[in-house]
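Visitor: The lines below spell out each chain.
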Amino acid sequence: MVKRVLFATLLAATSTPALTQTVDEKLDQLDARITRLEDLDQIERVQRTYGYFVDKGQWTQLSELFAEDATLEIGGKGLFLGKKRVLEYMQTAFGPDGAKPNVLANHMQFQTLPDVSPDGTTGWLRGRAFVMSNAGWGLPLYEDEFVKEDGVWKFKRLTGPFTMYTSWEGWGKNALNNTWPDKFDPPPDLPPSTIYLTYPAYFIIPFHYPNPVTGKAFLPDKDDVGAYHRPPGTPEQAEALKVGRPAYGDQPIAEPPRN
Amino acid sequence: MVKRVLFATLLAATSTPALTQTVDEKLDQLDARITRLEDLDQIERVQRTYGYFVDKGQWTQLSELFAEDATLEIGGKGLFLGKKRVLEYMQTAFGPDGAKPNVLANHMQFQTLPDVSPDGTTGWLRGRAFVMSNAGWGLPLYEDEFVKEDGVWKFKRLTGPFTMYTSWEGWGKNALNNTWPDKFDPPPDLPPSTIYLTYPAYFIIPFHYPNPVTGKAFLPDKDDVGAYHRPPGTPEQAEALKVGRPAYGDQPIAEPPRN
Amino acid sequence: MVKRVLFATLLAATSTPALTQTVDEKLDQLDARITRLEDLDQIERVQRTYGYFVDKGQWTQLSELFAEDATLEIGGKGLFLGKKRVLEYMQTAFGPDGAKPNVLANHMQFQTLPDVSPDGTTGWLRGRAFVMSNAGWGLPLYEDEFVKEDGVWKFKRLTGPFTMYTSWEGWGKNALNNTWPDKFDPPPDLPPSTIYLTYPAYFIIPFHYPNPVTGKAFLPDKDDVGAYHRPPGTPEQAEALKVGRPAYGDQPIAEPPRN
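Protein chains in written order, with our numbering: chain H, 1 to 259; chain R, 1 to 259; chain B, 1 to 259.
Quick caveat, the hints were computed from the structure, so don't treat them as lab data. Please note that a few of the clues may not be correct.
Identical copies carry no separate label here, and so any pair may be met within one copy or between two of them.
[Stated by the list, open to error] Here are the computed lysine-lysine pairs in the BS3-like style, where the Cα-Cα straight-line distance is at most 25 Å: (1) K84 <-> K100; (2) K84 <-> K26; (3) K156 <-> K100; (4) K84 <-> K148; (5) K216 <-> K83; (6) K216 <-> K183; (7) K216 <-> K84; (8) K100 <-> K216.
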């Protein structure tokens, strides 16, 4: 990110000064700035649409928001690789397409912070959701990546760890610090990129963007926040759920672990 | 909506190629793209302002956000026709202008998805609110239409069915699947355009916009979701509240019923 | 605000008609419109980033979002003057930088309404947050001012009175109409600019922007809404907490009281 900001600054510094620019150069610069604003708008649109599709179990439509080689990682469950697996995950875990009586699955999206790379082909978004489902309430936080293919923005990576998860009765008392995502099918293609626990533990998902005033990259602090890094059902996992594991702030967001 | 997208695609395909465009043509195209972004921003602004006005019972100010011939339909109550009736509805149902002690009416707006027609005179917005009122909590979902008159965007149609409505004690247990909007005055000018029940039933309000990646229009599925389509106070209505009625996904949003 | 709108209208009316504009004049006008959209985006970004920093106790990063001479006033506690005092307030009241186990401090931001002055150096934003903290739940409403210094938008004034504050158990029954901000350190540099109580009392924080359709400035009504305008711990304060004090709608937002 720092690299990206420096690159943009460099570009600005070496571009032709405004006074001696030709009309065509000026037109191109305005065009680029408008394109960036349109891109930010479109990236937000994909994220917000995702939320509306989850609300009503529109899994096929939802999977179409993803690029062919996109990844998805939600709630500590591990990585699903590719658009088809995104669809399989949703339909296996949450049932066939469509809303259902007695099911509430609202994933209400807000506080979006979109960004676009200088070359206009990669995007990022930090955002969050307030989940109100009949199963409980949760607060996922997203750090997603987007790709522009043939002029269309799509999810390249969706990463949504939870900040809190609780029942409908008493937020203060009943928060679960682990949603045990291994207890339901399907299993992921890769283990989670980051091991974490939710409130009363915490995890700071690294920011894709620098401080908007200073331009400094955000370096999260380090602490014991994790669990779920041992085979499900083993004593090692049971122990891990209690003690956690360091989730270092300098680890990449949602990149597959190196081995 | 598909038609609208095709039209835009056609426009792009038949417009003068960039290489041979004159400076004036380029300026006009940039102008049009900026105008679209400004329009999207202004449509969101009207929707968000609406929420702030509801919060504090600013009914006169709120009604001024509507075009003279606008319609309003909230919570299954039926259609109010025209700006004056919007004001009358608010002041009759919720009291005179102004905030009041012991009254909380927060209508917190978010997840806005605005759109503008190619000719720049019609707009749409999907959005939602988290209502925290002293009477209860609710989750309205909006599919609204806007019109640009003399350069100013206004509500042309506000349609806000509820996804859930409940008391302050226990969301899981106490959700009401019908808010019985006929029990309070004033009566609407026309019956509801769509008959639906809230959670634990459901209603998918049709999307005004296509899938942002595939461009395909959204076709909601069909199911029994409705009630309140019989005269209030009759045995027929009482029965309807239990059994519901199909709300077909292909019915128009908030257009008055044909008979 | 009315003045600002009139000024903008005047500008538009007296500028060179589009037909006789030179290419350079047209380019400059498009540039100005794009800059405005970029500014609105950046102001929203600073506000939303503020929320993410509060979530995780990133007080140093948060203070860097403020201009050197910025002011901060939250929850009726009084004014803190300058960036350094913003940092001191946060670290004294809420502990050293960093997230902590057993602490939840989510300040989820939404419903942002940004604006920019015609000269492009001053900005405003109305917005709100849904606070979910382990201490309780709250609904702050923001009316903030921003300044553009060396091309970078920063907080010039953050004003965040609460609409409601309550415990995790029962929103209806347990709402506190005063959060007694004097009970925790540090003391502010100046007393609160506005005296108010939260639900079941109310306070309409004046709108920085006019009705987006009529252009009319918003004049909040007047009522008994206040308390906390007597020395803490005195019988006068205890009495004030019961009876309130008029908070006139025409008083300036967050300007220090005149004596």
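Visitor: Could you check the structure against the hints above and give me the numbers of any it violates, in ascending order?
Guide: 2, 3 and 6
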